[in-house]
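We have chain A already, so just place chain B on it with the hints.
Number of protein chains: 2
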Amino acid sequence: MNPTITAFERSPDRGQGLARDMPVRWALEEVGQPYDVRLVSFRAMKEPAHLARHPFGQIPTYEEGDLVLFESGAIVLHIAERHAGLLPDDANARTRAIMWMFAALDTVEPPILELTTVKLIEGDKPWAKERLPLVEHRIRVRLGGLSSRLGDADWLDGAFSAGDLLMVTVLRRLNRSGLLGEYPNLSAYVARGETRPAFRRAFDAQLAVFAAAPAG
Amino acid sequence: MNPTITAFERSPDRGQGLARDMPVRWALEEVGQPYDVRLVSFRAMKEPAHLARHPFGQIPTYEEGDLVLFESGAIVLHIAERHAGLLPDDANARTRAIMWMFAALDTVEPPILELTTVKLIEGDKPWAKERLPLVEHRIRVRLGGLSSRLGDADWLDGAFSAGDLLMVTVLRRLNRSGLLGEYPNLSAYVARGETRPAFRRAFDAQLAVFAAAPAG
Chain A
1 MNPTITAFER SPDRGQGLAR DMPVRWALEE VGQPYDVRLV SFRAMKEPAH
51 LARHPFGQIP TYEEGDLVLF ESGAIVLHIA ERHAGLLPDD ANARTRAIMW
101 MFAALDTVEP PILELTTVKL IEGDKPWAKE RLPLVEHRIR VRLGGLSSRL
151 GDADWLDGAF SAGDLLMVTV LRRLNRSGLL GEYPNLSAYV ARGETRPAFR
201 RAFDAQLAVF AAAPAG
Chain B
1 MNPTITAFER SPDRGQGLAR DMPVRWALEE VGQPYDVRLV SFRAMKEPAH
51 LARHPFGQIP TYEEGDLVLF ESGAIVLHIA ERHAGLLPDD ANARTRAIMW
101 MFAALDTVEP PILELTTVKL IEGDKPWAKE RLPLVEHRIR VRLGGLSSRL
151 GDADWLDGAF SAGDLLMVTV LRRLNRSGLL GEYPNLSAYV ARGETRPAFR
201 RAFDAQLAVF AAAPAG
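These protein sequence lines are chains A and B, in that order.
So in the numbering used here, spot 49 of the first sequence is number 49, and the numbers just go up one at a time.
So in the numbering used here, spot 79 of the second sequence is number 79, and the numbers just go up one at a time.
Derived from the structure by calculation, the hints contain no laboratory data.
The beta-carbon is built from N, C-alpha and C at its ideal position, and this holds for glycine as well.
Misleading hints may appear alongside valid ones.
[Said to hold, decoys possible] With a cut-off of at most 27 angstroms between alpha-carbon atoms, the simulated DSSO-like pairs for lysine-lysine come out as follows:
no.: 1; chain 1: A; residue 1: Lys129; chain 2: B; residue 2: Lys46
no.: 2; chain 1: A; residue 1: Lys125; chain 2: B; residue 2: Lys119
no.: 3; chain 1: B; residue 1: Lys119; chain 2: B; residue 2: Lys46
no.: 4; chain 1: B; residue 1: Lys46; chain 2: A; residue 2: Lys125
no.: 5; chain 1: A; residue 1: Lys119; chain 2: B; residue 2: Lys119
[Claimed, not checked] A few chain A positions that, by computed beta-carbon distances, are all more than 12 angstroms from chain B:
no.: 6; residue: Asp36
no.: 7; residue: Arg43
no.: 8; residue: His54
no.: 9; residue: Ala93
no.: 10; residue: Thr117
no.: 11; residue: Glu136
no.: 12; residue: Arg138
no.: 13; residue: Gly158
no.: 14; residue: Arg176
no.: 15; residue: Gly178
no.: 16; residue: Ala205
One chain only, chain A, in its complex shape:
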């Protein structure tokens, strides 16, 4: 039986693939595991049936027999552990790939999410304009460290791994900011991820949901 994931009935990013079902779809496509999708509305996400699956009332969730998971990083790791293709065989290399998963979500993403706060959530506040450069500086500190470590390599540590999958996912949030363009090797890294056939299939699948959704 296929696992079932949840995704937005109508994604707030209008099909840019920035919602957190995207890395889960991408991981499933990389390992060749078909999956089913249950779409949830913003209202249904806060109702008891969904909260039983996801205590914070978000997407995605992942159901596979008796196992019910939330948290996209944990779901991607679960998929990577159960199938070949997203983690190296060598024990130390495997541990380092998982390290990059945590680095993507815990070190690189937080300042990038602050950009959403300052531009959108607090975009109408009087401090938005003055805070923006402070937030951008924090992002550049992280991008600089990442860019130096990546150098001219294709991926962060040898072959493409679940660490790259999450890092590319996180960096894609900057696609419209112009910040990524300051680091040509990171721009190329993201483009490299986006041209993988599994990424394209995942992207097209989430875009199809948006395109089919009733007008908001």
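Coordinates of chain B only, in the frame set by chain A:
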């Protein structure tokens, strides 16, 4: 040979155990693995020798033979995978414990870190006072979801796990904010974690470093 971790030569939290070596020390104490500590100054953290271990110039790092890791979540997971005591044996329960590790770091911690931003990093900015309640609201949304899920259980999913270790670590950042007191079951949960003998040993070890440090 013992693994070697790095920690601040002089912790900016003055020994409250909020620096990220704390969860690594705690995990090592839970599984009974002795470890060595190399202290690093703020200057040394940004120098090539340390950047080779940690591309973002932070602590902790973890060295064990040929394996060099950064990212506290990844280090705790590595310790939990190599030793008994921090992950359940049952495969689904193990996956859920790892899910709670990601939930602590990726869903609960980010708004809590914003509290540091608004109170300390941007504490002198004209918007600090007006932004504070917005940030506190975001924290309460997460604490409410977590509190509902925990209910009257001792730990998040059965026995104490690496998921609880990281969740307690994250919630301790709120100890001085008063926010945790609004959720009695979460306050009790944190206290339950802090009374574990392994937590006490880890806490005392990091406090001893601060107490022995030269005056700043």
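Provide an ascending list of the numbers of those earlier hints which the structure does not satisfy. Those not satisfied are hints 1, 4, 8, 9, 10 and 12.
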